[in-house]
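Engineer: As given, the protein sequences belong to chains A and B, one line each in that order.
For the first sequence, the positions run 1 to 402 when my numbering is used.
For the second sequence, the positions run 1 to 402 when my numbering is used.
Worth double-checking, as some hints may not be accurate.
If chains are identical, the list can't say which one is meant, so a pair holds when it fits in one copy or spans any two.
Pairs of lysine-lysine residues, derived as DSS-like cross-links and limited to a Cα-Cα distance of at most 30 Å, are as follows [as the list claims (entries may be wrong)]: (1) K271 with K322; (2) K143 with K283; (3) K322 with K143.
FYI, nobody ran anything at the bench for these hints, they're computed from the structure.
There are 2 protein chains.
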Amino acid sequence: MRPFTRTIPVDEARAIIDSTIQPIARTARIPLATALGRVLARDITAEADVPPFARASMDGYAVRAGNTTGATKASPRGLDCIGQVFTGDAPARGIGHGECLEIATGAPMPDGADAVVMVEETFRDGRAVQIFSAVIPQQNVGKRGADIHAGQTVLSNGDTLNPSRIGAAAALGIDEVVVYDLPRVTILSTGNEIVEPGRPLGPGQIYDINRFTLSALVSDNGGIPVPRRTARDTIEDLERAIDESRHDDLMLFSGGSSVGERDLILDVLQKRGETLFHGLAVKPGKPTAFGRVGVTPFFGLPGYPTSCLSNAYILVAPALRKMAHLASRLHRTMVLPLGQRVVSTIGRHQFFTVRLADGLAMPAFKGSGDITSMSQADGYIEIPVDVASVDAGTPVEVTLFI
Amino acid sequence: MRPFTRTIPVDEARAIIDSTIQPIARTARIPLATALGRVLARDITAEADVPPFARASMDGYAVRAGNTTGATKASPRGLDCIGQVFTGDAPARGIGHGECLEIATGAPMPDGADAVVMVEETFRDGRAVQIFSAVIPQQNVGKRGADIHAGQTVLSNGDTLNPSRIGAAAALGIDEVVVYDLPRVTILSTGNEIVEPGRPLGPGQIYDINRFTLSALVSDNGGIPVPRRTARDTIEDLERAIDESRHDDLMLFSGGSSVGERDLILDVLQKRGETLFHGLAVKPGKPTAFGRVGVTPFFGLPGYPTSCLSNAYILVAPALRKMAHLASRLHRTMVLPLGQRVVSTIGRHQFFTVRLADGLAMPAFKGSGDITSMSQADGYIEIPVDVASVDAGTPVEVTLFI
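Extracted from the complex, chain A is given alone in its bound form (with noise of 0.2 Å):
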């Protein structure tokens, strides 16, 4: 056995891997109608004004404003109503004085008028129609290029499509995008204990978690996982499992990165690569590594199931959404009391899972191998290295899971 010698702080380990992770440069052009979540790789300019024509934003009468000066209830303006506008018609024939015509919303407007007079502030019998209000030049009216005018540049490389973006390209004509492709992610377990879900257990064996929290953990930040066939622990099912996966963006293993005699895959990724850190000062998790092998970063992540989980949550998670060009999730994150006071280790950085509770974020850490109490937690808190222990009360951040 190889004790670890020496431990790193999660901020350090946290430079390291920013420095090797590199934002994906592969880019493809995809439908528009499968963007969502997607990120621009481009800049989207408009071409032409949006919208192309100036339009009634009200359903009601296009007229002249200067005729409908001082009409009220009490004292109406008539006008002559000389056909309809519907959304759609090539512009119809302009209005003269006096005249008005029946306009849908979002329809052109015609010639000569400037304003559009609500339907609910008229009354229409035959052509004769009686305006009850006055309107002022443009009003009720959407100006050509009002929300968009040629060569405005709309959306910008970098940008996540979300509906309302898609919905600006779509404003343009646009149907298919230019975006960043998402990372290929490698996930590997180890061991010759693990057996896939759905199979029996023999002696000593225990179920694959961590292909499956993994490969979710991926999908949820904006990569793909690609899980590969368990390797056992041998040196040339380890080689081969590298070599498979040496194409990909990142590679996960799991298991097999702790300091016993056939934990081989570190020796395995060390005479193939590089490895940059290995034991972590964070609790659970000590046992990660993190290097490349050619140009593809690598994580050793611990085999215990919440132990590889929780740093798959604090270092994996914002690596791989560096690689995707996505935006960390402050909106995931949200800033309660501490229900119940939590005992820290001082020289580790903690992770604590907790639930969420009439207002309070309370513990709910059991173990290290313990995915239930995980999986009953809405998120968790980071106690940082030099800290012994937070108090019931304090505020503290939470990220939240889902």
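Given the coordinates of chain A, work out where chain B should sit on it, guided by the hints.
Structural biologist: For chain B alone, coordinates are given in the frame of chain A:
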């Protein structure tokens, strides 16, 4: 034209929607590996203990705790190492007094051993192992069933599957889960002026935006968007569209819900089903309707893109989440001081987009047809019907777009 004679308050509309929308009862059995974000439709109960055997929680030596009493660096206890236990091994031969077995994290505890001494607290020379630190019984041992005991309910009907919950299912050896079906949501833009992005615009025509924004919002709130071919403003076309859609779980129509003569969609919906409200005291978004055709609820949303999308955020998303058994998105809200005074309209519930800047919610609203300003906003605030203005510095609740 048929003016709005009455608009109903947003809270009343929400109550009508809530009493009409029912959570989906249909379920599907899907692979665990694809279950991220899905909602369990069954409790999951453990059939066996997890872990299924007592195991080492550290790399080191399996010992009898009593054999280490009083051990220190200065005064170590010597033990005879009779072999090794790896993870995945069947339980090895037991140990007797004065003996130990080298053991890897996760490997089954041998008979006769009740504790593990960390490798860092030992020195080995051949079979002779020196122990530098005493352990107590069960120290560094994960008990059988410590995480989950047979018969325990590990996950519950209604739980949304996040990475740790997927891990808890995997821990039980489960490779398929029964989840609620995703609601299928018809999305139909109506109007003669609407053109598919990617095609040229004719006079009076604009691109279809709502199909894209609504599809994205549906995907983002647990539904499957089913975009339909744009319907023209004819009775026949609209009837055909409704007939095609009535086996979906929810129908979203945009356009044609105002008071213009060609706004036929509501006539057709009324003929085929029942309109529960039409005309909402909200700005933007007054021309909004809700009802049902057979058992399928529908929303008739405004054609104007931001009016359509803002009502989709405040009314459709919560309805869809209820249908999909998803919790409301508390984690997408944050309370921030308003950066600039906003003026609202008494008698109208108002939707304002905001940008987050320097810890403030800055108003970003331009006009109801303006998808660009919405695409540059980070979220929105709602101003209740009885509030005329909100001063700078007032804390407001921002719902984030992503």
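Engineer: So, for every hint listed, does it hold in this structure?
Structural biologist: We went through each hint and held it up to the structure:
1. K271 with K322: So K271 and K322 pass the 30 Å test inside one copy only (27 Å; across, 53 Å).
2. K143 with K283: between (60 Å within a copy, 20 Å between copies)
3. K322 with K143: Neither. Shortest intra-copy (41 Å) and inter-copy (39 Å) distances fail the 30 Å Cα cut-off.
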